[in-house]
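Participant: Modelling step: build the complete structure from the supplied sequences, incorporating the hints.
Residue numbers (the working numbering), protein chains in the order written: chain A, -13 to 211; chain B, 5 to 774; chain C, 2 to 83.
One or more hints might be untrue.
Said to hold, decoys possible - Here are some, though not all, of the chain A residues that point toward chain B, as calculated from beta-carbon distances under 7 Å:
(1) C(-2)
(2) D2
(3) L15
(4) H18
(5) G38
Please keep in mind that the hints were generated in silico from the structure rather than gathered at the bench.
Cβ coordinates follow ideal geometry from the N, Cα and C atoms, glycine included.
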Amino acid sequence: MKFGVLQFPGSCDEVDALQAARRVGDAELLWHGDESLQGVDAIVIPGGFSYGDYLRAGAIARFAPAMESVIAFAADGGLVLGICNGFQVLCEARLLPGALLVNANRRFTCRQVELEVVNGDTPFTRACTAGTRLSIPAKHSWGRFHAEQRTLQAIEDGGQVVLRYAPGHNFNGSARDIAGVCNERGNVFGLMPHPEHAIDELTGGSADGIKIFESMRTALEGARA
Amino acid sequence: MHPQPPSFDRPGAPAPQPSAEPIPTVEDALALGLTRSEYELLCEKQGAPPNAVELAMYSLLWSEHCAYKHSKKLLRTLPTQGEHVVMGPGENAGAVDLGGDLVCAFKVESHNHPSAVEPFQGAATGVGGIVRDIFAIGARPIAVLDSLRFGEPSGARARYLLDGAVSGIAHYGNSIGVPTVGGELYFEAPYEHNCLINAMALGLARRGDLVRSAAAGAGNALVLLGAATGRDGIGGASVLASSELGGGAAAQGEAAPEHDQDMRPTVQVGDPFEEKKLLECSLELLRSGLLVSLQDLGAAGLTSAAAEMAAKGRVGLEIDVARVPRREPGMAAWEVMVSESQERMLCVVEPADALAVLALCERWEIGGAVIGRVTDDGRLRVLAQGALVGDMPVSALVDECPLYDLDPRRPPAPLYPPPRATLAAEATPAAALLALLRSANISSRRPLYEQYDAIVQSRTVRRPEQADAAVLALPDGGGMAVSIDGNGRRVAADPYRGTVEAVLECAANLACAGAQPLGATNNLNFGSPEKASIAWQLGESVRALGDACRALGVPIVGGNVSLYNEGPTGPIYPTPVIGMVGRLPDVRRAGRLGFQRSGDEIALVGPFAPALPASELAKLRGEPLPDGLAALELEAVIAAQAAVREAVRANALASAHDIAEGGLAVALAECCLSGHLGAQVELGDELFARCGTQPGEPSASWCALFGEGPGGFLVSGPAQALSELGRCTSLVRLGTVGGGELRIALAGTRLSLSLDELGNAHASLGELFA
Amino acid sequence: MLIRPKAGILDPQGVAVERALPALGFSGVANVNVGRLVELDLEDPEQLQAMCEKLLANPLVEDYEVQLLEESGHAGGNGRGS
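Facilitator: Written as structure tokens, this is what we have:
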């Protein structure tokens, strides 16, 4: 299977995402200015500071030609993973509910966090077991997940909360400790921590992050079978 | 923007235009920072008094900041060659061979004066500038480290500068996707009015990809890449960097802040987004073989970039300021030439490649413009819309600035007031240990380094405070270790020995990670070299730097000098800052600083001879600086470093930690806290002998616990491993890892503190970041 | 365009400023909000609302207010009213 990793001006973690994706399949970079998604099977929108986070994080990137294609791809049921800045882009594009606001402490924070798997039944978490924990590094300044009460309740009830910060690990003040959400259909998933940075214990503090990518491969292979 | 092919083909040189501007006087030259004799010399070299454009350019290139007038002769005494050196001083950055066709480019630079005026942008643009130096030689920047020094944190100003500087470094480094993996932070009263912001960057490249900055090829095009040019930093190199902040006699109290307020408009503002695009574009241009040479624009902007490119290549350059993309209306020619607008690079391109270069700039959404051409007559010519407005010989600008000898004299009286005492005279050793852990120079830097992305690019194997040096993985399974270390207070006590200690500490930190140093970079931060005592400090420090690097076999491949760091209350401590890069063969065996296993034995390794004068404890007690530091056994220290390094590489040790501020007791606490494990140790006769005291003497225990000096390592591991280590270097067994407390027994007394108590004290830095 | 966080959403910047002001001796300050200002010249004011809704603000979490300044003349003076 082939992953497509979007690259915007200002993307930083696209190379890391490429590396992680290549552990489980093929992967290539997709230039923001090109409409074609090169026939990839899944999309990863990586972390970084697309357009410098200017105006709002992800606000400008979400209008890139490639993103128009990603929106259509998602509407068709294609798998889309948004990491950190990618999560911000997906919220700006309204492919995911809510918005990411500035961290409660107003500062960029880089820290290894523990996440609880809330929904182990999505195409992104099937390799994880609900109730277990993942140790993943998080690094951002605009990561506080926010949505109206109504929306929050709806996504909780609908099983759209996929990952939660374990007690004591929610440094950005996200509502209900939500670390990662998916859309109603379950094919679009965004999270603030960086699974692509936790594929080797040596550099990532754990290899828990690879499970996200493995889940995606399994889901795609299953779809073909 | 439509790419224009270069159109400078004219028969012969442009005819000089009579200038409507009045010729500047010698008073104008003095106002720009030149001396009378420098002005007369430059008139001689020009053959006539320089016009306004020419004077502005000379005043910058002949400033201390650009020309190193007072330090160049000293710097020539430093060792710069070695088997691993691929690029030595003189290029945008130095580079050492990592083996396997890989090289590491690195350098440290300061941005002290701008940061004192506007800490966020000063520190941010400091990072931007040093990172550009790395990709200017064709290396991909892979890490940043920062060395910061401020006044005492009890003062609001120091906290303001700290917060601003850290935010600025975080903002810039994080945004461009380069991890900040290490650094150091100190607070001392002499830095109150002159903070130190030294930024170091490293990059990786294939050996064949390194590019030099010499312009070449008469007829080639000169292309400016990156941001548009505005009025940022006008006069920066001469006005800000070479002058003392707060003015001379007039500056006391209220006068100083106003003066700084006036300086605000000249601070450069950085745009990391532009830098990231510029970085990717530059690397792609180099990969595509489209560039003849590349130079980044830093202090003195186009003036220094163009002059240096021409000087290195022994060619001439012609620039038309009208072709420089500008973002401010009505900029005069001299303003365009001296602007320090950030995120710009200058490159030389063969005419046939110019269109392709500009097309790549467009793809990456950065500016690109042909602004001039290379000539073969050794002159730097400035045109405005085709009319000649400045014409100078390149060698006069770059190589013929007068260099000065220093007039050093050892200060007859102490230069620095004693620190304020903060530790009660009757404090117990346990209370003193907590006070040291709580002190701003020792407490955990976690509230600071968590603001930095330490892991982007996926190379970081040891993050801040996991080991004594940062460790990055290389593609071949090996690793790179890097540390930045400086000293102010101990160098003030003894410029020679203090500097040797600083160099040794940097190498020791690498050894604890398992790395052998390959090369070093240095930033010399001193007061005014025109004062005899500062000249003495500088001379002694450079002499020591050379001696220590030669003894270690570590060449200096580049660096920076920042002088005139003096304010209304006097000069800063003389502060040499050293950055070193080393290699380890197996990155999985990178050392750790924290205890790992209950039951491991703990030992002191090396010729550590602790002494209290000039220590952190002495500072807390408000003691004045001693006149001189104890002698050190250089060869024995170096041998101990090698022994520790080999033991780490052999995977024999669980942990290795260099003993530094706060001495042995603080080092023990740090190992306990990092590993979340307690320890039981006993300090016996051997240690008292090292102090040169008897166990019963009143100061003996204090010295054993908190005395400082080079050549001390705290290691832990299986008993067998320590025995073997003890066969090749001096080793004193201290005790065992385990439990939830740190218990130290010595001379019949006991010190006992729980991990919680230690941890609470150690976590106090967070209070400085509201 | 003045863009500010929606009421009820935690505005940590506003909180920090509100805390800092009394420390400097300014009392009687409440309800500090820190937002964004976007200024631009444009030919068709009808486009403004769409521009705000689509890009300049995030209506989920931000409110915005448009202030139409006077036409800026090209010849002499800047014509900006308040």
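Participant: Among all the numbered hints in the text so far, which are the ones the structure does not match?
Facilitator: 3, 4
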